[in-house]
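Peer 1: This is what each chain is made of:
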Amino acid sequence: DQQVKQNSPSLSVQEGRISILNCDYTNSMFDYFLWYKKYPAEGPTFLISISSIKDKNEDGRFTVFLNKSAKHLSLHIVPSQPGDSAVYFCAASDEGSQGNLIFGKGTKLSVKP
Amino acid sequence: DSGVTQTPKHLITATGQRVTLRCSPRSGDLSVYWYQQSLDQGLQFLIQYYNGEERAKGNILERFSAQQFPDLHSELNLSSLELGDSALYFCASSEAHNQPQHFGDGTRLSIL
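Same order as they appear, the protein sequences are chains A and B. Counting from 1 along the first sequence, just add 179 to a position and that's the residue number in my numbering. Counting from 1 along the second sequence, just add 151 to a position and that's the residue number in my numbering.
It is worth saying that the hints were derived from the structure and are not from the lab. This one's a predicted model, so the numbers in the text were calculated from it and none came from an experiment. Among the hints, erroneous ones may be present.
In silico BS3-like pairs for lysine-lysine, Cα to Cα no more than 30 Å straight-line [stated by the list, open to error]:
hint, chain 1, residue 1, chain 2, residue 2
1, B, LYS208, A, LYS284
2, B, LYS160, A, LYS247
3, A, LYS247, A, LYS217
4, A, LYS233, A, LYS287
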């Protein structure tokens, strides 16, 4: 069973607009969440993280929102740029797992000029 | 550049063979993690080492083993290879378990 789900395999957005990527999880023990970006032939690149004691974390154009009651998190990219086109992975871990990450299957974002 | 180095980038071998994948973590990182990414699966956690000791195991087959050496580099050994072992294998490192993991570019393993 998938503990971390990214239900949209793909998303297309116009340059300059907002991109919203969504992620749902089922394990209530998860307390640390991360977003990674992946280009072809490269490893995942860390973007932003959030711990369960917060509901929002911001870093430049990237903001992650966490709704613990809904077991849902989202990544907002504003404004979107063509260079943001990549596969985005949501990941989660819990304190007892020593940090090993459970990944969603990814959402492919295409930002059109 | 994440600072995590994986070698080789590509590996082609036959069923029944044994291979070793190598990972050098970022300078200062004590934790090393191995993940497998197959075509129809997302990234799956295999095993974690911290300062030379195994800390956590995920969905790692008994045919697979790993170790972390005193200089903190790690090796993942895959034996009695099967066609289904064809995948991308990623290594990641972090300062501690509650810190972001930084990934290498992976080793693509193809079993013929």
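Peer 1: The structure should be examined with respect to each hint, and the outcome stated for every one.
Peer 2: Against the structure, the hints:
For the hint pairing B:LYS208 with A:LYS284, the CA-to-CA distance comes to about 21 Å; that is within 30 Å, so the pair holds. As the CA atoms of B:LYS160 and A:LYS247 are separated by approximately 39 Å, the hinted pair breaks the 30 Å bound. For the given pair, A:LYS247 sits about 26 Å from A:LYS217 by alpha-carbon distance, which is consistent with the 30 Å threshold. Simply put, A:LYS233 and A:LYS287 have alpha-carbon atoms about 27 Å apart, close enough for the 30 Å limit, and the pair holds.
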